[in-house]
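*Asks:* One letter stands for each residue in the lines below.
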Amino acid sequence: MLRKSFLAALAATALAVGTLPAAAQETVKIGIITPLTGPFASTGKQHETAARLYMQQHGTTVAGKKIELIIRDDAGRAENTARIASELIQNDKVSFIAGFGLTPLAMATAPIATNAKVPMIVMMAGTSIITERSPYIVRTSFTLGQSAVIIADWAAKNKVKKVVTLVTDYAPGHDAEKSFVDQFKSKGGEIVESIRVPIQNPDYAPFLQRVLDAKPDALYVFVPSGQGSILMKQYVERGLDKSGIRLIGTGDITDDDILNGFGDAAIGVITAHMYSTAHPSAMNKEYVAAFKKLNPSLRPNFASVGAYDGMHLIYEALKKTNGKTDGDALIAAMKGLKWESPRGPISIDPETRDIVQTIYIRKVEKKDGELYNVEFESFPDVKDPVKAAKK
Amino acid sequence: MLTILFDGIAYGMLLFVISCGLAVTLGLMNFVNLAHGAFAMLGGYCAYVLVNFYGVPFFASLPVAFLFAAMIGLVAERSLYVHFYNRSHLEQVLFTIGLVFMTSALVDYFLGSQQRFINLPSYLQGRFDFFGVGIGKYRLLIILVCALIVIVLQLILGHTRFGSRLRAAVDDQRVARGLGINVNRVFALTFAAGCGLAGLGGALGAEILSLEPHFPLKFMIYFLIVVSVGGTSSITGPFLASILLGIGDVAGKYYAPRFGGFVIYTIMIVVLVLRPQGLFTRGTSK
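Chains as they are written, first to last, in the numbering used here: chain A, 1 to 391; chain B, 1001 to 1286.
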């Protein structure tokens, strides 16, 4: 009985909806694909929180369209990312795909974005070449070269003459190594040795011993986010800090989300990066507070601003196209956009669709019992140096 | 370069403590237990929670980690593993790898996916010079603890009633049963002890191997190499194999960083081609 009346009500509603004028609000869907489980789950949680925060703060209606967010987990595996991207585009009819926690995940999805003419917003992966893989890719995170070149400049200016580089042996590591080495040499520095560590590497001891014996002024490091902690522990255990070898690197190694787990071993490490939780702007303070309110277990890191700004980019592009979701129009609208982010002023390079931003030199310090990357020098308007060098 | 030798031995010792339990289950009980690393991980997390959350001293956390992993091992053996002793190896592999995924997911859910470190007392950190050889204090501790474990194991196996029962049960289950040995109980205890050792190794190794939910998968290959190179019929085999691999891995990465990662695999292939039974096997067991 109840069921019958329910069905009738349902049918009536369906009819009513069907006969409504077409003025009913249309929906624009955004699909975020990011690792929510597995070893890179931190990235996914950051992406998810930041994207939801943005929508909470800026509403769910843009240019008359209702925005719907779909978040899917790829567990950090490229075959999942590509499959989910296809599903989102074909079944859910999303107008944007976004996320991409690691370089291979973005690479695997690039051809799908090209075929479907759907804008693809890279919110994390940092290898230079990604944006060249599809004309529909726009990046709101960073490129490794940006940080690597700036830290090389800084090192050369600060009495670092001899450097050993230690990177993980995969594409982003090679980028981080090459950008640093080229820049550092061009400033007159000497690279004593370039060590590449296998990606499945349990123990850094032998590599660090080699560094210790080479006696450089500084050790430049790039390892995947999360492995920095064990490296730093062993750096201190082996006494590299006491032997006068400074530890420098791109900001991934002192990831704000996990920095507190490093212990005091991390104090004094100098890195270059585009975002720090401790960035002293009013906008960032508000951002950090709102972020922690939404997810008290996380501290916003560079992945979070990638997603936050990615959402902003999508909103602004939709405003410019008046809610039209044509891929080419959206990409054209994104090119050259400039705005103020929690990390500082940023823009999208109209030529490369890559991000242009300020890179900061930071030092790990302890404040109120927590470790922070405290910024003390900044280099404005840094473009991706790898692409700049190709011209 | 003695520092490299020292680091290699510490690393090898650690591998041994974690994998000797696997040598027992795989070699003695003829059971393919890929979930062995999961017990090591649980022991590690147990020590982590105790030391970092409850302020238990590091040294007190080690025996607790052993008991915790052993208890879980015992329960798992009685409730789950026992049904798989007579199944094919493939089923055992599928079953145990499933366990690995479940433990990883559970740990991820409750403790997060980040790398965790146990707060060490300051006197265990850093290193000192001993006639020009840099000795890491923590690595020295690992060597001492592991050496102690090896001696105790050797004594138990060779000189106690339990040891002789275990060897009898392994050599010929049916005859052992016929002589009134409760083979099931012997195996259960052995299994639990193996898991406990893995847990102890996990707690000791957290500082060096890094503790995270994917620990069992990441190191499974190392444990399997130890067991396959060392053979499984004694404690000495896996022990020497662990030391060999530890030194090989560390020295390889030090002297030829570019190829360092391959050294242990090369050792394994060479050993297995020349001696498919393992390096230190006496006679044939199974």
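Quick caveat, the hints were computed from the structure, so don't treat them as lab data.
Note that the coordinates shown come from a computational prediction; the quantities given were computed from them, not determined experimentally.
It cannot be assumed that every hint is accurate.
What the hints assert, rightly or not - Quick list of the computed label-pair ranges, beta carbon to beta carbon:
#	chain 1	residue 1	chain 2	residue 2	range
1	B	Gly1098	A	Asn260	30 to 40 angstroms
2	A	Ala282	B	Arg1258	29 to 39 angstroms
3	A	Ala63	B	Gly1098	42 to 52 angstroms
4	A	Ala332	B	Glu1091	31 to 41 angstroms
What the hints assert, rightly or not - Okay, derived cross-link-like pairs now, BS3-like style, lysine-lysine, Cα gap no bigger than 25 angstroms in a straight line:
#	chain 1	residue 1	chain 2	residue 2
5	A	Lys117	A	Lys293
6	A	Lys215	B	Lys1218
7	A	Lys366	A	Lys285
8	A	Lys293	A	Lys366
9	A	Lys93	A	Lys242
10	A	Lys242	B	Lys1218
Stated by the list, open to error - Now the stretches of chain B that chain A is said to cover, found in silico as 3 or more residues with beta-carbon under 8 angstroms:
#	stretch
11	1066 to 1074
12	1077 to 1085
13	1145 to 1157
14	1200 to 1209
15	1225 to 1231
Even glycine gets a Cβ: it sits at the ideal position worked out from N, Cα and C.
*Asks:* Of all the hints numbered above, which does this structure not satisfy? Sort the numbers upward.
*Replies:* 2, 4, 5, 6, 9, 10, 11, 12, 13, 15
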